[in-house]
Amino acid sequence: MKRNLSPIALAASALVVLWISQTAYAGDIRVMCYQDANECDVTAEQARRFEAANPNTKVIIDVVPYKTIVEQLPVQLAAGQGPDIARVTDLGGLSKYYMDISAHVKDVRYFEANFGATLPWLRPVAGDKGIYGFMSQLTMTGPYINKTLFEQAKVAIPGNKATWDEWAEAARKVAKANKLPAAMAWDRSGHRFAGPAISYGAKIFDKEGNLVLDDGYKTTVNKFVAWHKDGTMLKDVWGGTGGSSYADSVGEFKNGRVAMVLSGSWQINRLQREVGNSFDWVAVPNPCGTVACTGIPGGAAWVALKTSKSPKEVGAFLDFLAQQANYAEWVGKTNNIPAHEGVAKKGALYTTATPAAKAALGIFGWGVSSLSPTAYKFQGYKYNRAIMLPTVSRVTQAIVGEVNTDQALAKIFVDMNEAVKQAQK
Amino acid sequence: MLTRFVSAVLQLCFNLLEPVFSLGQKWLGVTRMGWLFVGPNLLIFGVFTFLPILINLVYAVTGGVNLFPNMRPYVGTENFAILFECKDYTDIQTCRKDVFWRAIFNTAQFSLIQVVLMVFFSLVTALVLNRKIIGRGFWRGVYFYPVLLSPVVVALIWKWLLQGQGVFNAGLVAAGAEPIDWLLDRQWAFFWVIFVSIWAHMGFYTLILLAGLQAIPKDMYEAAEMDAASPWRVLRRITLPLLMPNLIVVLVLAMIRAVQIFDEVFVLTGGGPGSATTFIVQFIYQTGFAEQIHLYGLAAAASLVLAIGLMALTLLQLRLSRASEAGSRAK
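Residue numbers (this note's numbering), protein chains in the order written: chain A, 4 to 428; chain B, 773 to 1103.
No lab work stands behind these hints: they were computed from the structure. Computed from a prediction, not measured in an experiment: that's the story for all the values here. Do not rely on the hints blindly, as some may be mistaken.
[Stated by the list, open to error] Not everything, but these chain B residues come out facing chain A in the computed CB check (under 7 Å):
hint, residue
1, Val837
2, Pro841
3, Gly848
4, Gly943
5, Gln1058
6, Glu1063
7, Ile1065
8, Leu1067
9, Ala1084
10, Thr1086
By construction, the Cβ of each residue, glycine as well, lies at the ideal position given by its N, Cα and C atoms.
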């Protein structure tokens, strides 16, 4: 008998298959994760344990480059798209997209007790009591030096209160003795730049709380550009690209092309894994300017996003990650500074850390106590990127000779005010 | 077996569509049936081309950082005013959005140099590949191969060659010379952006010109040979005039492509050093999406400026094509 498949039957079958597939994925949660070393890998290990305990939930970890988190995630979120959870660093800037999970965690008081100091960083408005996620780690910007190169050059490592000028001088000697292309490199980031700027007296805000470019900021811009012109700074990191794109300096450090870099505590694990025994690296305290010796605090946070269709599962998974044992395991395996008070008090067990990594964690831990109040204020400012991004693009223009430093500073001021004005519309 | 299956599927499709067309013919009449055929295409074109243009217009006259149009305040021509505001139009530095002007200037400079060189090298290559040379098929493949590569792959390959510790500098150092900042020096970076884009796309234009050359009747050349015409005269009097329609196509396509340049340059130089290789499309992308405070309105206004430029080029193509056709008919 000849049988014809009716188009209606075909369409109905397709709809049923689609419905079944949608139903099957209803409890899935997608996590957008970037990693400096192994952060997403460790999270994936923990996710497998969570899945074993919650068989109806599947956790999909999408490992993406940091640039995706910075450039693409905000656009996705603005368009109402996006993952269920993300690991972000623009804590305040994206806060309007965060989802309150307080109804889905076992104990809100546990979060308040252990993350109380940093929970406000994730809240969209002051006075809000919601739980939107938690800090996966605290970070602090700071420099690393290639100790082997210093020893080979027989140059003494400057002391804890040495200034940026003294460090630059020492690094220049090391570079000269070892025939390096340059002495230093800083991450191409306005966040990194802010530490030395505040050390040289930049107040960032005036009395009314408006952004300002004062003499401290100008001094740092002039110094930084001059260091590029005289070859102290490696031109590749800042001059190698346009716009305000992020570029890290650790790649150049790892390849032994510079004696010193300015990056941050989140690079410890990467250095441990990627440098290995090639040379001895050490973290050193933030060099001093004229008024302070500060880096910038910060960190990354796991945040729940409003785009999620599975708030219950999202809450459960973040609750699982935040539990003391799991959190301690995570910071221990990733060599990060804990934001969890309980873990911090007990002391994180860095089971996989080498002596160099442990020493670096100690230096950054010690450095937290010397952070300038302006650095905290800068980090907590919702529109801090309005000053960070123009700094990168305009200072680069000055480095490559398109504009002079005065013109660059004038343009930073215009760009910064324009961005804040637009953001407030 | 496969043929029968495909034929059966097609038959089924036609049978399914038959009632629709019968109904359409009944309602619309035979003369208006064309609309039914072009309808789906118009619908897709409308949704994916016209609608975005309209949305872009909405963005261009609204401000703020919200993505959804209903949440964006109307600002009129403010975005255009920001783009075009300069204290002194002879000094880019005095413009409020100096990077926009730098991008326009860079795009104009790039388009002019790249297109002239592109057409010249494509023509020379096509002329050579049209001759009976040894391994002609191989050489045609060699020149066309880069066209098959993704622009990102092209840019990455060249980046590896040109970076500070790349192959080129390794060669220079091995030869006892100083390494060169191929991508850190503004002039060098601009040169390499032009070079790489020509390298990547020349094969396509060569192919168009080669097709044109092969369409020129052989008896023309035989007649010229009998008249003992010099090769230069043959080129000027026979080849170039008869190749003109293809040359115009190449010229206009290359110009449009040059104005739209983005992907290769973005990967190769990121628009740097500074803004030395920042072109108009990258400015739009950066303003709208890459900066963390997304100025969609400003980006939309800049993209309208680009659209007007592209429209002018398209009209130029139409005009040149018609002039060329009219010229051919007159002869």
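Here is what the structure says about each hint:
Look at Val837 (chain B): its Cβ gets to within about 5 Å of chain A, closer than 7 Å, so that hint holds up. A hinted interface residue such as Pro841 (chain B) counts as satisfied when its beta carbon comes closer than 7 Å to some beta carbon of chain A; here the least separation is about 12 Å, so the hint is violated. Among the interface hints, the one on Gly848 (chain B) is violated; its C-beta lies about 14 Å from the nearest C-beta in chain A, farther than the 7 Å criterion. Proximity of Gly943 (chain B) to chain A is violated relative to the hint, the smallest CB-CB distance being about 17 Å (cut-off 7 Å).
A cut of 7 Å between beta carbons decides the hint on Gln1058 (chain B): the least distance to chain A is about 5 Å, and the hint holds. A distance limit of 7 Å between C-beta atoms decides the matter here; for Glu1063 (chain B) the minimum to chain A is near 6 Å, and the interface restraint holds. Interface restraint check for Ile1065 (chain B): the shortest CB-CB distance to chain A comes to about 4 Å, inside 7 Å, so the restraint holds. A least Cβ separation of about 6 Å between Leu1067 (chain B) and chain A falls short of the 7 Å threshold, and the interface hint therefore holds.
Given hint, Ala1084 (chain B) at the interface with chain A, is violated; its Cβ is 27 Å from that chain's nearest Cβ, farther than 7 Å. With its C-beta approaching chain A no nearer than about 29 Å, Thr1086 (chain B) sits outside the 7 Å limit, and its interface hint is violated.
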